[in-house]
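Trainee: Please work from the sequences and hints to get the whole structure.
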Amino acid sequence: MKRGTLWLTLGALAAAFWAFRTGQQDPKLDTTDPHLLTTAQYLYHFAKDNDWPAASKQGPFVIGVKDNPALVRIFAENYGTPPIGDQPLLLEELEDEEAAEGMHIFYTDAKGDALQAELNGIGSSPTLVMTRGLEALSKGVTVNLIVHEGLLRYELNQQDADRRGVLVGNRITSWAVTR
Amino acid sequence: MGRNALRWMTICLWMVPALGQAQPGAELDRDVQRAIMLGKAGEFARGLDVVEVHLDEDVRHAEAWFISGFLLKEWYKQSDNLAHRQEAMQRLARSLTLQATQGRSSEWLPQARQALGFLGDDCYDDAVAAVNTFQTGDEAKVLVLVDQYELAVQALNPGTNLSAERAAFHKNIAHAHATLYAATSDEVHFEGIQTSYREAIALTPDDATAWYNLAVHVYNRGVGVMKELGLETSLGEIIEKQQASRAHFSEALPAFESALELQPGRAEILLGLATVHHALHNHAERDRHHAAWKNARGR
Numbered sequence: 001m002k003r004g005t006l007w008l009t010l011g012a013l014a015a016a017f018w019a020f021r022t023g024q025q026d027p028k029l030d031t032t033d034p035h036l037l038t039t040a041q042y043l044y045h046f047a048k049d050n051d052w053p054a055a056s057k058q059g060p061f062v063i064g065v066k067d068n069p070a071l072v073r074i075f076a077e078n079y080g081t082p083p084i085g086d087q088p089l090l091l092e093e094l095e096d097e098e099a100a101e102g103m104h105i106f107y108t109d110a111k112g113d114a115l116q117a118e119l120n121g122i123g124s125s126p127t128l129v130m131t132r133g134l135e136a137l138s139k140g141v142t143v144n145l146i147v148h149e150g151l152l153r154y155e156l157n158q159q160d161a162d163r164r165g166v167l168v169g170n171r172i173t174s175w176a177v178t179r
Numbered sequence: 001m002g003r004n005a006l007r008w009m010t011i012c013l014w015m016v017p018a019l020g021q022a023q024p025g026a027e028l029d030r031d032v033q034r035a036i037m038l039g040k041a042g043e044f045a046r047g048l049d050v051v052e053v054h055l056d057e058d059v060r061h062a063e064a065w066f067i068s069g070f071l072l073k074e075w076y077k078q079s080d081n082l083a084h085r086q087e088a089m090q091r092l093a094r095s096l097t098l099q100a101t102q103g104r105s106s107e108w109l110p111q112a113r114q115a116l117g118f119l120g121d122d123c124y125d126d127a128v129a130a131v132n133t134f135q136t137g138d139e140a141k142v143l144v145l146v147d148q149y150e151l152a153v154q155a156l157n158p159g160t161n162l163s164a165e166r167a168a169f170h171k172n173i174a175h176a177h178a179t180l181y182a183a184t185s186d187e188v189h190f191e192g193i194q195t196s197y198r199e200a201i202a203l204t205p206d207d208a209t210a211w212y213n214l215a216v217h218v219y220n221r222g223v224g225v226m227k228e229l230g231l232e233t234s235l236g237e238i239i240e241k242q243q244a245s246r247a248h249f250s251e252a253l254p255a256f257e258s259a260l261e262l263q264p265g266r267a268e269i270l271l272g273l274a275t276v277h278h279a280l281h282n283h284a285e286r287d288r289h290h291a292a293w294k295n296a297r298g299r
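In the order they appear, the protein sequences are chains A and B. Per the working numbering, the first sequence starts with residue 1, numbered consecutively. Per the working numbering, the second sequence starts with residue 1, numbered consecutively.
None of these hints come from the bench; they were simulated from the model. There are no misleading hints in this set.
Simulated pairs of lysine to any residue, SDA-like, Cα-Cα distance not exceeding 20 Å:
no.: 1; chain 1: B; residue 1: K141; chain 2: B; residue 2: V153
no.: 2; chain 1: B; residue 1: K40; chain 2: B; residue 2: F118
no.: 3; chain 1: A; residue 1: K48; chain 2: A; residue 2: S125
no.: 4; chain 1: B; residue 1: K227; chain 2: A; residue 2: V72
no.: 5; chain 1: A; residue 1: K28; chain 2: B; residue 2: G265
no.: 6; chain 1: A; residue 1: K57; chain 2: A; residue 2: P82
no.: 7; chain 1: B; residue 1: K294; chain 2: A; residue 2: T31
no.: 8; chain 1: B; residue 1: K227; chain 2: A; residue 2: L36
no.: 9; chain 1: A; residue 1: K28; chain 2: B; residue 2: E187
no.: 10; chain 1: A; residue 1: K28; chain 2: B; residue 2: E191
Mentor: The following block contains the structure:
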């Protein structure tokens with residue numbers, strides 16, 4: 001063996017030995033947001049466990065997600081686009097001023113005036129509006145995600161669902177929490 | 001001349017003055033010489049028979065312990081019988097202990113130390129190899145080899161602190177479990193990760209990396225629980241999975257905090273803390289650690 005090769009081999013062996021002794025292989029932190037996984041699950045359940053007016057049962061079932069591309073990505077990566085009843089699922093990522101018109105479910109992280117502006121745009125159409133972390137259930141919001149006993153749960157505005165003509169499923173109602 | 005022959009010749013050479021002194025036991029000296037001759041001829045069992053009658057606690061018989069250990073070492077090298085290696089190490093270590101109580105040196109001591117050092121290194125190499133080919137249930141095998149290695153080290157250099165080396169083995173076993181867990185998702189390996197890191201930490205509590213690695217594995221397990229959610233998951237199961245993952249997040253938190261105590265400015269730890277606080281819905285703590293992480297990363 002040439003001297004250079006020998007030293008290289010010895011160097012590699014020494015590095016492997018050092019790596020063994022120190023046990024230096026750091027694991028990689030999984031940065032997948034567990035709350036987005038939960039939120040995506042809730043979105044799917046709200047889509048399949050509720051009943052929409054007959055007019056909303058034509059064409060694709062549309063879920064619009066405002067300003068939260070990570071949630072759209074998590075949903076698509078983990079659950080794909082499963083059909084909702086007979087309707088193909090369409091998951092739309094909405095930005096800035098894009099309208100939520102024709103959506104079955106509209107998810108937004110907006111609060112205060114920004115939220116109010118979005119609600120005004122939706123009006124009383126049969127769109128289930130889902131928010132996160134509101135201090136109280138605003139008029140026009142059907143579902144609000146809240147932290148309840150350390151877990152991500154949801155509160156339900158039955159009156160708003162009724163106003164929009166969305167029939168909330170029993171399972172959805174039974175797992176809702178109140179403050 | 002082969003190395004083996006040279007080794008036996010070295011042993012024969014120190015026997016010459018020993019035979020001349022012929023005290024305190026001529027019988028011992030004669031048997032030792034016979035054992036050497038038998039060993040040289042490859043008749044290890046017979047050589048051991050001859051010398052084993054002198055294996056007692058008489059300090060003057062230290063040499064008999066050495067010769068029997070040496071014979072077993074040579075036998076092990078020919079047979080690969082691990083029981084021979086283990087017994088050889090114990091006898092060589094006993095020879096050193098007995099000789100030390102006499103408070104004087106002896107010609108055979110360097111040979112005994114060299115033989116024991118060789119076997120100790122051999123155990124260490126085997127332990128490393130066992131970790132590198134690690135399979136379920138191999139912990140005991142690895143740790144027995146580490147025990148044997150330690151026996152050699154302590155006999156050669158009494159009082160040596162091997163905590164760091166032992167901890168390195170536990171950490172490498174943890175890593176092996178992590179590899180197997182990634183491949184199989186078998187819960188046994190997740191438990192193995194935790195147990196091994198906790199054993200490493202018990203030996204070297206100041207090891208920030210061990211704390212960090214433990215924290216990351218436990219945290220990742222919590223995320224893994226949430227990734228088990230699928231299209232068939234019921235609403236009730238979503239709650240159950242959140243509870244299970246929260247338990248992992250809560251367990252990861254103090255481990256991250258211990259790591260940070262030891263390495264206050266390490267960016268990875270700060271990011272880990274921000275992440276686990278986010279998972280636990282501790283938003284103020286999340287934001288505080290996230291800001292510290294950004295600061296540390298920018299340095």
